[in-house]
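Engineer: For reference, the chains in residue letters:
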Amino acid sequence: MDGHQPSLPQGKKPGALADRPERTWKLGQRAAQAALAFLLCLGAFLSLVPWGRALTRSALLLPALLSASEPAPLALAGDPVRFKRLTISSSIGPVFLDIYEPATPPPPIPGGREAIIDVPGAGDNRPVPQLVNLSQSLAREGVVVVTVGTPTLFDYQVSARDGEAVVQAFELLEHWPGVDPQRIGIISFSVGDLLACVGAADPRIRDRVAFLAFLGGYVNVTGLLRTLGRRAQDVDGQTKPWQPISTDLYVLARTVSSLLSLTDQQLLQQAFPLTTRALPLTAQQQAQLSPDATAYYHLLEGDEPGSVDGNLAALSSPLKVLLNQLSPLSVLGQIRAPIHLLHDRNDPSIPFTQAQEFAAVLAHLHHPYDLAAYSIFSHVQVGSNLGQGQVLGDGLKLLGVLTSILLVGS
Amino acid sequence: MLMLSFLWVVLGLLIGALANAAKLRPATWGRGGWLGMLGLGALVALLGGWLGTWVFGALFATATALWIAVLGVALLPRLMKVVSWFQNR
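Chains as they are written, first to last, in the working numbering: chain A, 27 to 436; chain B, 244 to 332.
These aren't lab readings, by the way, just hints derived from the structure by calculation.
Since the structure is predicted, the reported quantities are computational estimates derived from the model, not experimental observations.
One thing to keep in mind: the hints can contain errors.
[Said to hold, decoys possible] Lysine-lysine pairs mimicking DSSO-like chemistry, simulated, CA-CA at most 30 angstroms apart: (1) A:K423 - B:K266; (2) A:K346 - A:K266; (3) A:K266 - A:K423; (4) B:K266 - A:K52; (5) B:K324 - B:K266.
[Claimed, not checked] Facing chain A, according to a computed beta carbon distance under 8 angstroms, are these residues of chain B, among others: (6) L247; (7) A262; (8) K266; (9) A270; (10) W310.
Don't be surprised by glycine CBs; every beta carbon is placed ideally from N, CA and C.
Please model the entire structure based on the sequences and the hints provided.
Structural biologist: Dropping the structure here:
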């Protein structure tokens, strides 16, 4: 500002004032043109591009997951849902399937529908509202969802043989009307990841599984027993106390029961009931246990945190073999599909260290995977009274995983 | 589908209004042309929504209605001008 700026001639001033509305008008016109261009690009991206369609789906699905209810946009724009309950026979006995599918024929683009095999954890979780809501919401988005159950799983036991149920469900879906056989993935919850891994590693289907996603899963029973025995886990170099819920102990006690005597089974069931924490066994009762069951009891009870390695070493060979079979770790090398790991940092059922160990094994195997740590889940269900920061941060992470999963069928 | 159709019509009206503000309306449409642009937006959005439902499914119909409506209000007036020019030759 040197004072030499030319001033406007007096005669021009009224004209400049008159120009002002026109300039504003021009600006409005440009803004409207920019808005139209933006809407054109947005609409084209969300409908024409597979990534855009996957993003549309995940953005509609996310509120359904977080609120554990069906949001209005999904109810308005989604497909009507048809439900079927089937029982198929297999070499492991009956396999129970709950099928949620869109009631309309698949659209020409992208053609065949995506299908998801859903393996819940121990117990009969088929009527759990959050699981039903997830299955219905996915079906509204055009995905065929099959929830798999087996008598063993319903009986709160885990068996690697039940991987056959996943294979059977997969083969059924491959021939299901409207489903594209190349677009079938598996989602599992909690201990259901053993069935999912064993199924996905099966040579009959392993080259055709599109993806695997595990929420709150485990990878190694021995590692899980170590955390249980110590009642502590090492996260980011820090040892933190960790207390299991009663269901974990109940499932672990029941799952090995076939290798134990009747007395051992009865005492372990007494010590680890399903819904409540029982009093520890008395010294007299402990004396009745076999050496194998004694070591196993102390690992589950967590009353000898300093002797965890000794108790693990004291387990009999058949029990060690069974524990190895019960670990998804044993079949990871045979899986071809990319794996999404989702785990809550404060999971009270399966410690977060299991997800970290899972990721480390997959990284070692050079297997495609991603691991997302959350704070909104209470094991495998979305918690209540979540803070806005939690929902926003974890919601974005969940959106990314959902988009990857739904991209398969977009 | 009735609710969705209504949504697409409203979306089309908004896009028509934006097209008016963007001066995409040909001068030959006269003083009442702005109303024609609103109607064109609504009509094309409705058609786009139904086309989207058929091709991609109802989930993506609104996004389809969006871009088809924008294309419609931007291109159809020009197309009409070209057609009338050929007719008047």
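Engineer: Which numbered hints are broken by the structure, listed smallest first?
Structural biologist: 1, 9
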